[in-house]
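S.K.: Each chain, letter by letter, is given below.
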Amino acid sequence: MQNHKSGFSAFLGKLVRQQYFIPLTALVLLALFNLIADPAFFKISITTNSAGNAVLSGTPITILDYGSELAILAIGMTLVTSASKGQDISVGAAVAIAGSFILRMLCGGDSSSGTLHMPIICAFLLGCVVAMLFGAFNGVLVAFFKIQPMIATLILYTAGRSIAAWFNNNELPIIKDATFSYIGGFIPGIPIPTPFFIAVLCMVIITLVLRFTNLRLYTEAVGINENSARLNGLNPSAIKILSFVILGLCVAVVGLIKVSRVSSINYSVIAKDIEMDAILAVALGGNSLSGGKFNMATSVMGAYIIQFLTQTLYKYKVPSEALPAYKAVVVILLVVMSAPTVREYFSNLMKKIKVKEAA
Amino acid sequence: MKKKLALLLVAGMTMASVIGCGGNSAETTAPAADTTTDEAEAPAADTAADTADTADTADAATDEAEAPAASGELIKVGIINNDPNESSYRTANDADLKATFCEENGYDASFAYSLKNEEQINAAQQFIQDGVDYLLLSAADTSGWDSVLQDAQANGVRVILFDRTIDADPSLYEASIVSDMRAEGDKAVEWMKSQNLDEYNIIHIQGVMGSAAQIGRSDALTETAAAEGWNIVMEQTANWNAEEAQQIVQSVIDSGESFNVIYAENDNMAQGAVAALDSAGITHGVDGDVKIIGFDTNKFALEELLAGNWNYDGQCNPFQSSYINDIIKTLESGGTISEKTIIMDEKGFDAETITQEDVDTYGI
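Chains as they are written, first to last, in the numbering used here: chain A, 1 to 359; chain B, 360 to 723.
Treat the hints as calculated values from the structure; they're not laboratory data.
Watch out, some of these pointers could steer you wrong.
[Said to hold, decoys possible] Which chain A residues stay away from chain B? Per the calculated CB distances, all over 12 Å, these: (1) Arg-161; (2) Leu-210; (3) Arg-216; (4) Ile-332.
[Stated by the list, open to error] Here are the computed distance ranges between Cβ atoms for each label pair: (5) Ala-322/A / Thr-524/B: 23 to 33 Å; (6) Glu-549/B / Phe-145/A: 26 to 36 Å; (7) Glu-321/A / Glu-616/B: 15 to 25 Å.
[Said to hold, decoys possible] Calculated pairs, PhoX-like style, for lysine-lysine (alpha carbon to alpha carbon, straight line, at most 20 Å): (8) Lys-315/A / Lys-43/A; (9) Lys-327/A / Lys-272/A; (10) Lys-272/A / Lys-475/B; (11) Lys-14/A / Lys-293/A; (12) Lys-706/B / Lys-658/B; (13) Lys-176/A / Lys-658/B.
Even for Gly, the Cβ is constructed at its ideal location relative to N, Cα and C.
Take the sequences, apply the hints, and build the full model.
M.R.: As C-alpha cells, then:
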C-alpha cells in the first residue's frame, strides 16, 4: 500500500513536470465543466448547408474550425519566440496585409466584379511571398539591428492595416466565386471544415520539418545561447530571420482562410488582436516566452484551448461587458499554473510528500 | 550563402520600404495636389488681371478673367477628419467632403487626418495660424478641445463640428452636424415591429462596447424588446468584426436554440452572421426563416437587400458636406443658424422596396 502510494505520488510529480500537463489539465477541466453543465455541448450532428452539402455541425466542430487559424499562427509564433526571445505583435496587421493582397490579386483591381482574375493558388502563392517579405523585414530589424522583437514589430503593427487598405485603394472587394468560399468553409462532399484540414496539413509539415531537419536544434541553440551557437558555427541572424519568414508563411495561410470565410475583408478589424491570442497559445503550451527549448504540440493545443474557452463563454452567454474579464481570469490562472516557478514549487511539494511517506 | 542571404534581405527591405513609401505618397498626394493648384492659381490670377488691365477691349478676355478673379475670394476651410482607412463610412465621408469643398464651389480646402486627438489638435492650431475662415472638425476624442477652440474664436475662425460631438461649450462652435444612432436603432426596431412576426427570438450582435453607435443601437433594441416581450436569445459583442459575429451565431446554432431575427449593429457583422447561417443551411432574407438586419448601408449590404438575402439596413449618413455647405453659405451671407445641433436625415431600407437606384445613391 505504502509502495503503491509513493509510486503514485512519484508519477504525479513526474506528470506535473511534463510540459503537456498544463494544457491537458486545462482541456480536461474545460471539457468536464461543459460535460457536467450541459452534455449537449458535445453533440455533433449532420446538417445540410445552403449549397446542399451534408456537413458536420456542433460545438466541437466549431472549435476545430475557428481555432485553426490560431493554431497555424501558434506554429510560427513558437519558432519566433524560441529563436528571438521575443514575440511578433504585428501578426494581426500582417494577416490584413496578406488577405488584402490575395483579394487584390484575385479581383485584379476591380473590386465589384467578383470574378476571379487568376487561379486562387497563384494569388495565394503571391500572398505568401508578400507575407514572407514582411516577415523578413521584421526579422532583419531583430537580427541585424538588434531591436527588441516587440519594438521592431510595432512598426508593422502600426502601419500594417493602412498598407492593407492601400493595396485595394481602400475599397472592399467582394469575391462572388463559390470555389473561393470552400477554403474557409466546406469543400463539397467533405463534411469537415476546410480550415481544420489546412491546420492539420501545417502541423504535419512542421512535424516532418522538425524531425528531418536541424531546424529545432538550431532554433533552440540560438534561443538558449546566441554566442555559443555562433561559436559552434551557426549563424544566429539567419536562424532568427528564418523563424520570422516561417511565421510570415503561417500569416499568409491564415490571411487566405480569413478572407475566404466571408469572401471579403474589413481592414480595421480583420484578425484584430489575434497576435495576443497567438502569444497566449505559446504561453499556455508551457513554452518559455524568453526563448530556448520549445514544444510545438503544446502550443497548438494552447490555441485550441483558447477557442474552446471562447466558445464556452459564448455558450453560457456571458454578458458582452464581462467577456474580457472572464477570459482574463481563466488566462491568469492558466499562465500562473504554467509558470516554471509554480511548477517547480509543486514538484518540490511532491518530493516533500514523498519524503514524509518514506519516513 | 551568407552574401546571397544578405542580398535577398536587402532586396526585401527595399521592397518593403518602397511599399511603405508608396503608402505615404498615396496619402500625401491629395494635399500635394492642393498646394500645386494653389500655386498654379496665383500666377493664373495675376496674368488674368494683367490681361484685364492691358486689354480691356476684349470681352472674351474679361469673361475668362472672371473665374480666376473670383478665386481670390475663395473661402478657406481647414478640415480635420479621422483616417479615411478607418472604415468605409469614413472613406465615403472623406470623398464626399473632397467633392463639395473644391474650387468650383468656391472653397480652398486643406485636409488633415488623424485618429489621435493630440495630432488633430496640432493640425487645428496649424490651420488657425494659416488663417482659415472655417475649421471643420470630426474629433477623435470628445475632450481636450476647449483651448484650441478658444484660440480659433480669438482669431475669427469659425468652427463647425461634423459626425462627432465634443465636450466643449456650445458657444465655441457654430454648429454640429451629427447622426442620431438612437434614432437609427429606433427606426430599425420600428421596422421589426411592423413585420408582425408570431414570435421574436433575436440574436443581438453588438459593436465595440461603449462606442456611440453601439450604445444607441443597442438601447433601441433592448428597451423595445423589454416592452414588447421579445425574446433575446443571445446578446454578445463581435467588435464590428465579421468573423466574431460568425462564431457567435454558430454557437447559437450549435446550442440548438431557435431564432428568427438577427440584429447586427453593422453590415460586416451581419455578413458574418449570414455566413454562419449559410454553412448550417438556415434560410434567411425575404423568403427565409431568419430576418437579417444590418446598419451602415455599405454597398455590398444594399446589394444583398436587393437580392432579397437580407431584410433591412439602416443608414448612418456620411454625407454631411451639403449640410456644412448650407451653413457656411448662410453665415457668409450674414445669416444666423437657428439650431446648433443638426441631426441628419437617415433612411432605413427594406428589402421589399429597395431599388437599384437606392443602391447606387446610398451605398458607401
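S.K.: Determine which of the earlier numbered hints do not hold for this structure and return their numbers in increasing order.
M.R.: The structure breaks hints 1, 6; every other hint is satisfied.
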